[in-house]
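Trainee: Spelled out, the chains give:
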Amino acid sequence: MTLRPAAAGPATETAEPPVTSSRVETGDRPPGRRKKSSRARAQAWTAYLFLAPWFLGLFAITLGPMIASLYLSFTDYSLLSEAQWVGLDNYDTMFTADDRYLNSLKVTTVYVVVSVPLQLAFALGLALALDKGLRGLSFYRSMFYLPSLLGGSVAISILWRKIFGTDGIVNTFLGWFGYEGQGWVTSPDTALWTLIILHVWTFGAPMVIFLAGLRQIPQNLYEAARVDGAGRIRQFRSITLPLLTPIIFFNAVLEVIKSFQSFTQSFVVSGGTGGPVDSTLFYTLYLYLKGFKNYEMGYAAAMAWVLLLIIGALTAVNFLMSRFWVFYGDDK
Amino acid sequence: MKRILAAAAATLLAVSATACGGGDDGSGGKTKVVFSYWGNDSRQKLTEAAIAEFEKKNPEIDVEGDFSDWDSYYEKLATKTAAGEAPDVMSIEIRGLAEFANRGILADTAGKVDTAGLDQEVLKAGQVDGTQFAIPTGVNAFPMIVNEKTLEEHGQKLPDDKTWTWDDYIATAQKVTEESGGEIWGTEYNENPAFLQIFAAQRGEQFYAGGKVALTEQTIKDWWALLQKIIDSKAGPGAAEMLETGTKVDQALLATNKSAFGSWWSNQLDALTKGSGQELSLLRMPKSPGATGSGMFLQPAMYYTISAKSEEAAAAQRFVDFLVNDPAAGAILLSDRGLPTNSAVVTAIKDKLSPADQKVLAFMDSIKSDLSPIVVPPKGAMEMEDILKRATDSVLFGKAKPDEAAKTFLTEANNALSP
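Protein chains in written order, with my numbering: chain A, 1 to 332; chain R, 333 to 751.
It is worth saying that the hints were derived from the structure and are not from the lab.
Treat the hints with care, since some could be wrong.
As the list claims (entries may be wrong) - Listed next, the stretches of chain A that the computed footprint assigns to chain R, with coverage defined by at least 3 CB atoms under 8 Å from CB atoms of chain R:
| hint | region |
| --- | --- |
| 1 | 113-127 |
| 2 | 185-191 |
Claimed, not checked - Calculated pairs, EDC-like style, for lysine to aspartate or glutamate (alpha carbon to alpha carbon, straight line, at most 16 Å):
| hint | chain 1 | residue 1 | chain 2 | residue 2 |
| --- | --- | --- | --- | --- |
| 3 | A | 162 | R | 573 |
| 4 | R | 377 | R | 401 |
| 5 | A | 293 | R | 484 |
| 6 | A | 293 | R | 717 |
| 7 | R | 553 | R | 537 |
| 8 | R | 721 | R | 573 |
| 9 | R | 739 | R | 549 |
| 10 | R | 590 | R | 480 |
| 11 | R | 739 | R | 554 |
| 12 | R | 364 | R | 387 |
| 13 | R | 691 | R | 480 |
| 14 | R | 456 | R | 446 |
| 15 | R | 682 | R | 702 |
| 16 | R | 733 | R | 549 |
| 17 | R | 389 | R | 401 |
| 18 | A | 293 | R | 500 |
| 19 | R | 507 | R | 564 |
| 20 | R | 481 | R | 611 |
| 21 | R | 590 | R | 573 |
| 22 | R | 590 | A | 296 |
| 23 | R | 590 | R | 715 |
| 24 | A | 293 | R | 718 |
| 25 | R | 739 | A | 99 |
| 26 | A | 293 | R | 403 |
| 27 | R | 553 | R | 735 |
| 28 | R | 444 | R | 644 |
| 29 | R | 731 | A | 167 |
| 30 | R | 481 | R | 511 |
| 31 | R | 489 | R | 510 |
| 32 | A | 293 | R | 480 |
Each residue gets a CB set at the ideal place from its N, CA and C atoms; glycine is no exception.
Throw the hints in and build the complete structure from the sequences for me.
Mentor: Dropping the structure here:
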């Protein structure tokens, strides 16, 4: 990493000349330039025309509502009557007078901090196992990917309720060993953990990306290592892991963002309440409850914006930290 | 997030549907009235039949039923109202009434819908600040329901519900659990505010007064102590197991014959009986020693309301009038939206009611002299069930001391109620 700033220096210097040269170019041959740009402009219009549906979507479906939501976050808006401007009150309440908000933040943080590393470790472990040139690899890959497709769905969340229920599979299993189980999803101490297990179980998407990453590692590195007498573990630590860090980083960023926005699991497993005793009250679930159950849409909008800031900040921190552990080939 | 997206998508769909449906489509110059309600499949069938009957009598009016399940009902209704597309006739229940009433969303129905035949006491529960915004569809009580056969099989006698106390109730239930060797529970219980309301009314306390929660900390703590006693004595299941059973009537322990007692709304007796396949009866709630009254109350199961912005107010009024006053409507809807309070309707449909509903009717008659008044909960009361549930769970799961939990409950509850 000490190499980095030095490497960045020349790069910015080399970026300089083309700009000056183009400036010189425009000075030298203005007519040609104009001709070119008018054609370019016509092409640009065609391009914009083709992009129009996307722009329409962006402005009407994404940007418009986002601006409206930003405005609403400064109001008291009940859905049923007109929005009243209240300035920063919503933001103020969140951090000073709303224990449930702080609790939802805590629950979500525990969920993200515990489940993301576990899930990635699981995904990496399986990717390594599957990368051994197994016969029927594509079959296993699809099978292991399946939970990722299903994990966020309502059906699986309902299934989870059954698996971890008092008469569920988990308790039946524990019963064989003479251990009397409990209602795991309905006890405040364990409910969140069942959701964390559910999240870890959906390791398929990062696993597939890890598999692709493993394929990118040149085999001759391993051959050389073997010649030098490096064992399996040594090979993993010195070749696989360093060369895989960009992929791990990519997966970590994606999963942190995704799991911060988890909603369905907690909504279904807790029956829409975040219970028992708010132990599974995810940020987005509380946001939903505030907006659509308590009719505090202004407050919910403010919560959404804070969530955006939190996720943005976390991602920024992730990128900053990456300088210290992510290894891109060019560093060598 | 998905839920919100789904709501947005549903709204878009609804908008496009009305866009296509507006103007000169199949309605052929008829007046169109949209009627929103929630419920299950059987309610949808009954309601569609009632709508067909109404359209037969009023060929110039076309009523469109707008049905959704309970979980998303208010969400959908609020979104539509916000978009200026409130249905002409809306079903609302008691906790949501104040929320919608004083915001210019609901029309004053006084003098527009004939209410002369309805129970005048119950009718008052459709008023907010003296204005008749809502017409009760029918009434419910919140009694103790008992499976007599289960009691007998476990060597217990049916208690006299005019004199029994909470201790009698718990003792009987406890014996049922013991006799069954833990196969079934003596009773199931719930965290319904109606239960607490009855418990408090027996001490002369109201749940709401002057736009605030009027319960004392002591009463709330005593109510929790009662629930705790049910759990500790094994008269009923633990908090986690009770939570797992949920609040859906078809999964009720009574409906699956896994308990002898349980309290539910009276219009759920029919469903409970069907589920259990055995005969269930209604009892007055047990009393505290020295109670001032039974604490029982009759509450409108839900209301019909008319949108203040409806362009077809006259047709909407006629439809509501038909639903509450016409025996033909009563004969179709029966007790689905609570027992009708229109005496003419009740007389006409009495023989058509199921045996369970006839029991409810008789039960309501028998407690008529000993009822507590109904108070329309103030704005914000829709949250009360969740707030109470949270506080109660925190006590039953040992996460908070009753003293703190009672204080937390009152603070949270009154915050929710303050405008």
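Trainee: All the hints need checking, so say for each whether the structure fits it.
Mentor: Hint by hint, here is what the structure shows:
no. : hint             : verdict
1   : 113-127          : violated (count 0)
2   : 185-191          : holds (count 4)
3   : 162/A with 573/R : holds, 13 Å
4   : 377/R with 401/R : holds, 14 Å
5   : 293/A with 484/R : violated, 44 Å
6   : 293/A with 717/R : holds, 12 Å
7   : 553/R with 537/R : holds, 14 Å
8   : 721/R with 573/R : holds, 15 Å
9   : 739/R with 549/R : holds, 7 Å
10  : 590/R with 480/R : holds, 13 Å
11  : 739/R with 554/R : holds, 14 Å
12  : 364/R with 387/R : holds, 11 Å
13  : 691/R with 480/R : holds, 14 Å
14  : 456/R with 446/R : holds, 14 Å
15  : 682/R with 702/R : violated, 23 Å
16  : 733/R with 549/R : holds, 13 Å
17  : 389/R with 401/R : violated, 28 Å
18  : 293/A with 500/R : violated, 39 Å
19  : 507/R with 564/R : holds, 13 Å
20  : 481/R with 611/R : holds, 8 Å
21  : 590/R with 573/R : holds, 13 Å
22  : 590/R with 296/A : violated, 40 Å
23  : 590/R with 715/R : violated, 30 Å
24  : 293/A with 718/R : holds, 10 Å
25  : 739/R with 99/A  : holds, 14 Å
26  : 293/A with 403/R : holds, 10 Å
27  : 553/R with 735/R : holds, 7 Å
28  : 444/R with 644/R : holds, 13 Å
29  : 731/R with 167/A : violated, 24 Å
30  : 481/R with 511/R : holds, 14 Å
31  : 489/R with 510/R : holds, 15 Å
32  : 293/A with 480/R : violated, 39 Å
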